[in-house]
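Peer 1: For the record, the sequence lines run as chains A and B. The numbering used here puts the first residue of the first sequence at 1, with every later residue one more than the last. The numbering used here puts the first residue of the second sequence at 1, with every later residue one more than the last.
Hints may be right or wrong, so weigh each one.
[What the hints assert, rightly or not] For lysine-lysine, the following DSSO-like pairs were computed, each having C-alpha atoms within a straight-line distance of at most 27 Å:
1. 76(A) x 30(B)
2. 283(A) x 89(A)
3. 76(A) x 45(B)
4. 283(A) x 332(A)
5. 76(A) x 8(B)
Simulated from the structure, these hints should not be mistaken for laboratory data.
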Amino acid sequence: MMGMTMAEKIIACAAGVENAKAGDIHTVELDRLMSNDGTTHLTIDMYNNNLKNPHIKDVDKLVWIIDHNIPSDSPKTAASHKKMRDFAKENGIKFYEGEGVCHQVMMENHVCPGELIFGADSHTCAYGALGAFGTGVGCTDYLYAMVTGTSWLLVPETIRFNLTGKLPEGVYARDLILTIIGTIGANGANYKAMEFAGEGLHNLTMSDRISICNLCVEAGAKTALMEVDDVAMEYLREHGREPKAVFTSDVDAVFAQIVDIDLTEIQPIVAKPHFVDNVVPAKECLGIKIDEAFLGSCNNGRIEDLRVGAAIIKGKKVSPEVRFLVVPASRKVYSEALSEGLLDIFIDAGAIVMNPNCSVCWGSCQGVIGENEVLISTGTRNFKGRAGHRDSYVYLASAATVTASAVKGEITTADML
Amino acid sequence: MNDTFSGKIWVLDDDIDTDIIIPTEYLALKSVEDMKKYAFSPLRKELAGQIRQGDIIVAGKNFGCGSSREQAPEIIKALGIKCIIAKSFARIFYRNSINNGLLLIENKQLHDDAVEGDIIDVEVNNAVYYNGREYKISSLPQNLVDIIEAGGLVKAMRRRNGLD
Numbered sequence: 001m002m003g004m005t006m007a008e009k010i011i012a013c014a015a016g017v018e019n020a021k022a023g024d025i026h027t028v029e030l031d032r033l034m035s036n037d038g039t040t041h042l043t044i045d046m047y048n049n050n051l052k053n054p055h056i057k058d059v060d061k062l063v064w065i066i067d068h069n070i071p072s073d074s075p076k077t078a079a080s081h082k083k084m085r086d087f088a089k090e091n092g093i094k095f096y097e098g099e100g101v102c103h104q105v106m107m108e109n110h111v112c113p114g115e116l117i118f119g120a121d122s123h124t125c126a127y128g129a130l131g132a133f134g135t136g137v138g139c140t141d142y143l144y145a146m147v148t149g150t151s152w153l154l155v156p157e158t159i160r161f162n163l164t165g166k167l168p169e170g171v172y173a174r175d176l177i178l179t180i181i182g183t184i185g186a187n188g189a190n191y192k193a194m195e196f197a198g199e200g201l202h203n204l205t206m207s208d209r210i211s212i213c214n215l216c217v218e219a220g221a222k223t224a225l226m227e228v229d230d231v232a233m234e235y236l237r238e239h240g241r242e243p244k245a246v247f248t249s250d251v252d253a254v255f256a257q258i259v260d261i262d263l264t265e266i267q268p269i270v271a272k273p274h275f276v277d278n279v280v281p282a283k284e285c286l287g288i289k290i291d292e293a294f295l296g297s298c299n300n301g302r303i304e305d306l307r308v309g310a311a312i313i314k315g316k317k318v319s320p321e322v323r324f325l326v327v328p329a330s331r332k333v334y335s336e337a338l339s340e341g342l343l344d345i346f347i348d349a350g351a352i353v354m355n356p357n358c359s360v361c362w363g364s365c366q367g368v369i370g371e372n373e374v375l376i377s378t379g380t381r382n383f384k385g386r387a388g389h390r391d392s393y394v395y396l397a398s399a400a401t402v403t404a405s406a407v408k409g410e411i412t413t414a415d416m417l
Numbered sequence: 001m002n003d004t005f006s007g008k009i010w011v012l013d014d015d016i017d018t019d020i021i022i023p024t025e026y027l028a029l030k031s032v033e034d035m036k037k038y039a040f041s042p043l044r045k046e047l048a049g050q051i052r053q054g055d056i057i058v059a060g061k062n063f064g065c066g067s068s069r070e071q072a073p074e075i076i077k078a079l080g081i082k083c084i085i086a087k088s089f090a091r092i093f094y095r096n097s098i099n100n101g102l103l104l105i106e107n108k109q110l111h112d113d114a115v116e117g118d119i120i121d122v123e124v125n126n127a128v129y130y131n132g133r134e135y136k137i138s139s140l141p142q143n144l145v146d147i148i149e150a151g152g153l154v155k156a157m158r159r160r161n162g163l164d
């Protein structure tokens, strides 16, 4: 029998079969079902109006999180939140509101290695940082899974990334994943799993790993997966959880492609408007004037990112031409940043510190930019109109590059300040 | 599903993302009917008003990349688009489209030749015909055809369970 990849093993386990190989379609049992206020109201409408016998197969699998528009910005949003809140209460669904961006809340509280998780949000692939198969679905697929506990999945081929070495000083996981997306393209991993392994992986923190896996959907990936090592197990222990199963790809597993990456060669990167794969070395963007800078999101709003930003801005001021938004990814991160004095540093520098939410990363609620304005962001996407006006411009970069640019008023790297 | 149909084509580029299809600021509107006039507005403000029932979108690679928002295929369907023929589709959008009864066809060549406003003929599961040329397309498995024909996954399940 041929060896299997991590993705094949997780699907085989969830399908209750010995063997799964890329190209097979399996009916799988889902371990967890995450949904947020982006689309849950649509799921509830379908559940209430279109089913003969509406029921939830296993309510313990469901996690609902209000994060996209919290606190609500209009009566319409408030009504949609109430619908979600009431439904969760009536049905005993695990529910979070104001606790943080959904993927960060899931990593802190729920995701376990070996699990197969559907999230009604494209960045669900973040859960691969803990060796779980997370994949984004729409609300119809979510509804089906909620009612039956199952769904169907095409087993993806895997692109394996073998990491060696260590990221240089001043270079971050965001620079690495933007480099990878720039290399393989915005659909370079379409329908595929992106697997990360190798000794270089051990040099990456959990925060780095979440940042890398989270962005893999921007290369089209169905999921991202990382080998579970001591760093991942330690994170799990700290958060009081146990793995469902720890899988690694067999030595004779079949990969669609194997890519070797030397972390020591990565440099600061910026993704220019309007595509995530439109990447250039940050040095090529020096001097571009910005109107707003955003440090936050499920990609780079963790305590590690805030520490990087605070170290750069300490004793300096945000440029008077710039609004600098700092948004911790969760209440836990917020609280840690508060007790470490990081929020004082940001506030003293003139930043606007906000409550944990998706913020301008998805162009709603707070910080939306106007016509011809330029934003530099640690958010997930830079699509045309993503952060506000159809004629506005979003550059994506690391927490360091974003913070340094907020100080300078134009795109710059931290070492140039 | 009609086995053959014709339609006027609208030609779009590579990487048409979900924020182009329906920008976040309009997602709070009450219904897909309210949202559909803003479809594609960051790219071509006038396009939604020009699309007529039965028209076809021809696009480049990676159509529908980005968010899992299911309003994206719903809105395209509500505009009257009969099908989208693209070089490739992003996977979440692909699943969401099937689940909403929107036909998607992959073809690597048509987009390079297509001129907006022309008429093409589609023979489902076989080929597209345009300017005297045949463009082969692959066939869909029957279970997906059943879902598209019923108008989406929920409607297909209702039909299977004898509710409709």
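Peer 1: Which of the numbered hints above does this structure break?
Peer 2: Numbers 2, 4, 5, in rising order.
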